[in-house]
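Q: If you want the building blocks of each chain, they are given just below.
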Amino acid sequence: QSALTQPASVSGSPGQSITISCTGTSSDVGRYNYVSWYQQHPGKAPKVMIYDVNNRPSGVSNRFSGSKSGNTASLTISGLQAEDEADYYCTSYRSTSTSSYVFGSGTKVTVL
Amino acid sequence: EVQLVESGGGLVQPGGSLRLSCAASGFTFSSYEMHWVRQAPGEGLEWVSYISTSGSAIYYADSVKGRFTISRDNAKNSLYLQMYSLRAEDTAVYYCATEILTGYCFDSWGQGTLVTVSS
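Line by line, the protein sequences are chains W and D. For the first sequence, our numbering gives the first residue as 1, with consecutive numbering after it. For the second sequence, our numbering gives the first residue as 1, with consecutive numbering after it.
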């Protein structure tokens with residue numbers, strides 16, 4: 001089960017906007033609107049930031065937004081803040097011979 | 001408040017077995033699907049297994065199929081992962097997670113339990 005492809009690292013200055021891409025296939029990202037994004041700080045459990053491509057859970061800043069085009073999903077963080085420095089993972093539901101989930105390879109976001 | 005607390009991790013020799021538990025509280029456990037997700041040291045997240053509310057539907061990642069067994073006891077608000085034939089590459093922090101907010105999303109996570117497979 002191949003992982004979704006994410007850039008290894010993305011960086012930006014405070015106040016800037018950054019976008020993290022997540023590329024899958026027509027069996028996962030391209031077929032289903034079940035893409036979610038997770039933020040993970042060192043030593044902590046992941047936290048969901050976006051679900052169903054572009055929905056934010058209650059309590060998550062509206063600086064986080066999601067989108068999808070074809071087999072690629074994206075997470076945009078606007079107004080970058082120091083606390084946004086973390087690892088980010090996308091995930092998608094995948095249905096081939098069986099149901100499963102696949103995570104992205106992860107992106108380290110650095111606030112300069 | 002939703003709480004998931006994993007336990008049962010530890011050091012085990014290659015080829016050995018281990019049973020992880022996840023105690024759930026703060027929500028109606030029997031109404032929600034559950035997952036195990038793992039993270040090897042310094043690596044990314046990997047989905048391991050899924051179980052439906054009644055346990056009638058179960059799925060596994062190819063990497064653990066035939067070696068791991070997921071189960072749940074709704075009367076005890078608990079989720080389990082029985083692991084057999086453990087390999088060095090199974091070394092990871094194992095998280096339980098649930099889909100309370102919506103389906104197809106891991107919206108609540110435990111703090112994780114570390115499994116180390118080494119001789």
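Errors might be hidden in some of the hints.
Which bits of chain D does chain W cover? Going by a derived footprint, with three or more residues having C-beta under 8 Å, they are [to be verified]:
id, region
1, 14-23
2, 83-91
Below, a list of computed lysine to any residue pairs in the SDA-like style, where the Cα atoms sit at most 20 Å apart [to be verified]:
id, chain 1, residue 1, chain 2, residue 2
3, W, Lys-47, D, Thr-102
4, W, Lys-47, D, Glu-46
5, W, Lys-47, D, Leu-101
6, W, Lys-47, D, Tyr-104
7, W, Lys-47, D, Ala-40
Because the hints were derived from the structure by calculation, they are not lab data. Idealized CB from N, CA, C, for every residue including glycine.
Q: Please go over all the hints and tell whether each is borne out by the structure.
A: Status of each hint after checking the structure:
1. Three residues within the 8 Å Cβ limit are the bar, and the region 14-23 of chain D against chain W gives 0, so the coverage statement is violated.
2. For the region 83-91 of chain D, the stated coverage by chain W is violated: 0 residues have a C-beta nearer than 8 Å to a C-beta of that chain, whereas at least 3 were required.
3. Taking the CA atoms of W/Lys-47 and D/Thr-102, the gap is near 14 Å; set against the 20 Å cutoff, the hint holds.
4. Of the supplied pair hints, the one linking W/Lys-47 and D/Glu-46 holds, its CA atoms being roughly 15 Å apart against a limit of 20 Å.
5. For the suggested pair W/Lys-47 and D/Leu-101, the alpha carbons sit about 12 Å apart, so the restraint of at most 20 Å is met.
6. A threshold of 20 Å between alpha carbons decides the hint, and for W/Lys-47 with D/Tyr-104 the separation of about 15 Å falls inside it, so the pair holds.
7. A distance of roughly 18 Å separates the Cα atoms of W/Lys-47 and D/Ala-40; the hinted pair therefore holds under the 20 Å criterion.
In this structure, the earlier hints numbered 1, 2 are contradicted, and the remaining ones agree with it.
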